[in-house]
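Participant: All chains, please: the whole structure from these sequences, using the hints.
The residues making up each chain are set out below.
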Amino acid sequence: MNKIPNRQVICDVLTERANSDPDIVVLCSDSRGSASMGDFVKAHPDQFVETGIAEQNLISIAAGLASCGKKSYVASPASFLSTRSMEQAKVDVAYSNTNVKLIGISGGISYGALGMTHHSATDIATMGSIPNMRVYLPSDRLQTKQLFEALLKDTKPAYIRVGRGTVEDVYEEGKVPFEMDKATTVTEGNDITIIACGEMVKPAQEAAAALKGQNVSCRVLDMYCVKPIDKEAILKAANETKAILTIEEHTSIGGMGAMVSQIVAANCPKKVINIALPDAPVIAGKSNEVFAYYGLTKENLVKTALELMV
Amino acid sequence: MENLKAKSFEIRQDILDIIYTSKAGHIGGDFSVCDILITLYYKQMNISPENIHNNDRDRFILSKGHSVEALYAVLASRGFFPKEDLKTVSQYNSKYIGHPNNKVNGIEMNSGSLGHGLSVCVGMALAGKMNKASYRVYTVMGDGELAEGSVWEGAMAAGHYKLDNLTAVVDRNRLQISGSTEDVMTQDSQDERWKAFGWEVLHAVGNDIDSLNEAFEKAKIIKGKPTMIIADTIKGYGVSFMQNSAPWHHKVPTAEEYKQATEELAKRRNEAL
Chain A
1 MNKIPNRQVI CDVLTERANS DPDIVVLCSD SRGSASMGDF VKAHPDQFVE TGIAEQNLIS
61 IAAGLASCGK KSYVASPASF LSTRSMEQAK VDVAYSNTNV KLIGISGGIS YGALGMTHHS
121 ATDIATMGSI PNMRVYLPSD RLQTKQLFEA LLKDTKPAYI RVGRGTVEDV YEEGKVPFEM
181 DKATTVTEGN DITIIACGEM VKPAQEAAAA LKGQNVSCRV LDMYCVKPID KEAILKAANE
241 TKAILTIEEH TSIGGMGAMV SQIVAANCPK KVINIALPDA PVIAGKSNEV FAYYGLTKEN
301 LVKTALELMV
Chain B
311 MENLKAKSFE IRQDILDIIY TSKAGHIGGD FSVCDILITL YYKQMNISPE NIHNNDRDRF
371 ILSKGHSVEA LYAVLASRGF FPKEDLKTVS QYNSKYIGHP NNKVNGIEMN SGSLGHGLSV
431 CVGMALAGKM NKASYRVYTV MGDGELAEGS VWEGAMAAGH YKLDNLTAVV DRNRLQISGS
491 TEDVMTQDSQ DERWKAFGWE VLHAVGNDID SLNEAFEKAK IIKGKPTMII ADTIKGYGVS
551 FMQNSAPWHH KVPTAEEYKQ ATEELAKRRN EAL
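If you read the protein sequences in the order shown, they are chains A and B.
Residue numbers for the first sequence follow the working numbering, beginning at 1 and rising by one.
Residue numbers for the second sequence follow the working numbering, beginning at 311 and rising by one.
Don't read these hints as lab results, they were simulated from the structure.
The C-beta atom is built at its ideal place from N, Cα and C for all residues, glycine as well.
Hints are supplied without guarantee of correctness; some may be wrong.
Straight line, CA to CA, 20 Å or less: simulated SDA-like cross-link-like pairs of lysine to any residue [what the hints assert, rightly or not]: (1) B:Lys530 x B:Asp501; (2) B:Lys315 x B:Met355; (3) B:Lys535 x B:Phe507; (4) A:Lys236 x A:Ala265; (5) A:Lys156 x B:His363; (6) A:Lys303 x A:Asn190; (7) B:Lys439 x A:Asn132; (8) B:Lys439 x A:Ile24; (9) B:Lys472 x A:Glu50; (10) B:Lys413 x A:Asn132.
A few chain B residues that don't get close to chain A, going by computed Cβ distances all over 10 Å [stated by the list, open to error]: (11) Val430; (12) Asp501; (13) Ala565.
Reference excerpt, derived from the structure (chain B facing chain A, CB under 7 Å, subset only) [what the hints assert, rightly or not]: (14) Gly408; (15) Asn412; (16) Glu418; (17) Ser429; (18) Gly433; (19) Ala437; (20) Glu463; (21) Ala467.
Facilitator: What follows is the structure, given as structure tokens:
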């Protein structure tokens with residue numbers, strides 16, 4: 001049972017790397033606690049900037065720092081980062097092409113019962129629509145580490161969403177297949193494909209295992225790189241399997257599933273079913289309760305896959 | 311010593327030419343901010359085409375990005391790019407678009423959506439403090455821009471972090487696109503507002519290079535806090551029929567108006583010599 005949330009891994013990677021890189025700067029908007037950045041602040045107080053509860057300022061300051069050679073890592077709730085300060089992300093980060101990594105914490109419906117103000121079920125759509133903004137939703141802690149090590153090597157803007165809770169490991173320690181901007185094949189399969197991102201990769205992996213018992217060979221792609229999306233892997237799956245199921249902790253409008261559908265429709269028409277959150281404020285509850293209500297589960301994936309196989 | 315007052319009318323002519331050629335632009339604000347930019351680029355800032363990649367160069371953000379024609383004209387006059395390029399401003403596929411673009415030599419960041427520049431400068435000034443660098447950071451905002459809430463987030467952080475390497479200027483021409491700033495959204499009491507956020511506040515005659523220069527010199531020696539210079543300017547300064555006229559916020563002159571404006575600017579220039 002994994003006890004380490006993805007956000008803690010981000011802090012660990014940045015804290016370690018900042019030991020030898022004085023240009024790494026972490027910025028928070030009264031969010032150091034919820035971002036698990038406490039260890040970074042303690043270890044590198046001079047490389048930490050607190051802006052108070054002011055997300056617009058948070059991103060613009062990060063961009064100003066980056067324009068002077070700093071590597072800015074902004075950690076603030078995904079709900080606010082992707083909407084309130086979207087214009088700063090667009091102008092000061094993406095359009096000005098500054099080395100700012102926007103880390104949306106407590107993403108999706110992590111803050112279940114707190115309501116729509118605190119949900120970020122539209123962040124793929126908003127951030128992904130900005131030219132020159134990349135969007136990543138890592139699945140487990142091991143992939144999160146790989147992703148941040150890769151991000152530390154580049155100087156381009158990116159938005160990364162992670163959830164609040166812990167996620168069961170998808171991969172095995174020491175054996176994490178990872179190539180930047182390429183989907184990871186979690187499970188090989190040739191009958192049907194599930195494309196998932198973020199916390200939905202785990203149920204997709206479990207669904208593939210269950211389908212195997214029913215003689216369905218299910219391919220699972222971890223599309224952590226929602227933008228730039230791995231078009232090649234999508235088309236390969238469309239060509240080689242009967243149908244594609246997508247699942248994401250996001251509304252179906254402008255999400256990862258919509259991007260997959262667009263690519264498949266234009267190049268290799270096959271049936272694509274999007275399992276996603278509704279275009280409405282979601283019901284209150286813990287993440288798992290909300291996921292179950294809307295069918296973002298292993299069980300619904302299995303059921304839908306079997307229907308598609310008929 | 312170059313006669314910068316005369317120069318200011320030559321640069322206004324360049325701005326007029328840009329706007330008359332491209333049939334677009336914000337001439338009123340260009341003319342009000344012109345002397346502030348000249349003071350910064352000719353007398354104050356350690357920035358030149360030669361040191362543009364030097365980490366110790368001073369930084370400038372034109373937060374009121376719609377006055378980009380004035381910035382382009384000043385940058386061209388300082389040799390950041392050929393003056394010939396000014397003919398392409400706002401033309402098809404030009405990089406010299408209607409708001410600052412950091413693909414242009416001498417421009418640090420893209421701006422134009424109001425209320426961003428000050429916060430970006432806070433980041434630049436913080437980087438300077440972290441690196442123990444000697445550079446200074448400057449921004450110019452419009453007075454209409456001060457209605458943006460994000461300005462005050464930046465103001466709060468600059469005061470909190472005691473950024474004495476940061477100087478902001480408000481181009482206080484008292485007009486915005488809909489009319490008087492005081493009718494649209496009250497902007498008087500700037501002194502109290504900035505002081506409350508921990509800033510030093512200075513005043514300058516915003517179309518007088520000597521007055522502006524004096525304020526910038528004072529700002530340099532103020533320690534432990536950022537400085538705001540309220541520059542009282544005249545929108546459309548330099549051309550009689552454009553001065554203090556809200557429609558000239560972004561009006562394009564007719565052939566007749568262009569001719570008259572050119573004559574007036576030449577006369578003002580000659581008087582200054």
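Participant: If a hint holds in the structure, say so; if it doesn't, say that too.
Facilitator: Hints, one by one, checked against the model:
1. B:Lys530 x B:Asp501: With a Cα-Cα distance of about 19 Å, the restraint between Lys530 (chain B) and Asp501 (chain B) holds, given a limit of 20 Å.
2. B:Lys315 x B:Met355: 18 Å, holds
3. B:Lys535 x B:Phe507: 10 Å, holds
4. A:Lys236 x A:Ala265: With Cα atoms ~13 Å apart, Lys236 (chain A) and Ala265 (chain A) stay inside 20 Å; holds.
5. A:Lys156 x B:His363: Holds, at roughly 19 Å.
6. A:Lys303 x A:Asn190: 18 Å, holds
7. B:Lys439 x A:Asn132: With Cα atoms ~29 Å apart, Lys439 (chain B) and Asn132 (chain A) exceed 20 Å; violated.
8. B:Lys439 x A:Ile24: The hint holds at about 15 Å.
9. B:Lys472 x A:Glu50: 14 Å, holds
10. B:Lys413 x A:Asn132: Cα-Cα ~15 Å, so holds.
11. Val430: 4 Å, violated
12. Asp501: 22 Å, holds
13. Ala565: 36 Å, holds
14. Gly408: Violated - the Cβ of Gly408 (chain B) stays beyond 7 Å from chain A, reaching only about 14 Å at its closest.
15. Asn412: 6 Å, holds
16. Glu418: 6 Å, holds
17. Ser429: At 3 Å from the nearest chain A Cβ, Ser429 (chain B) passes the 7 Å test, so the hint holds.
18. Gly433: Holds: closest Cβ of chain A sits about 2 Å from Gly433 (chain B), inside 7 Å.
19. Ala437: At 4 Å from the nearest chain A Cβ, Ala437 (chain B) passes the 7 Å test, so the hint holds.
20. Glu463: Since chain A brings a Cβ to about 4 Å from Glu463 (chain B), closer than 7 Å, the hint holds.
21. Ala467: 6 Å, holds
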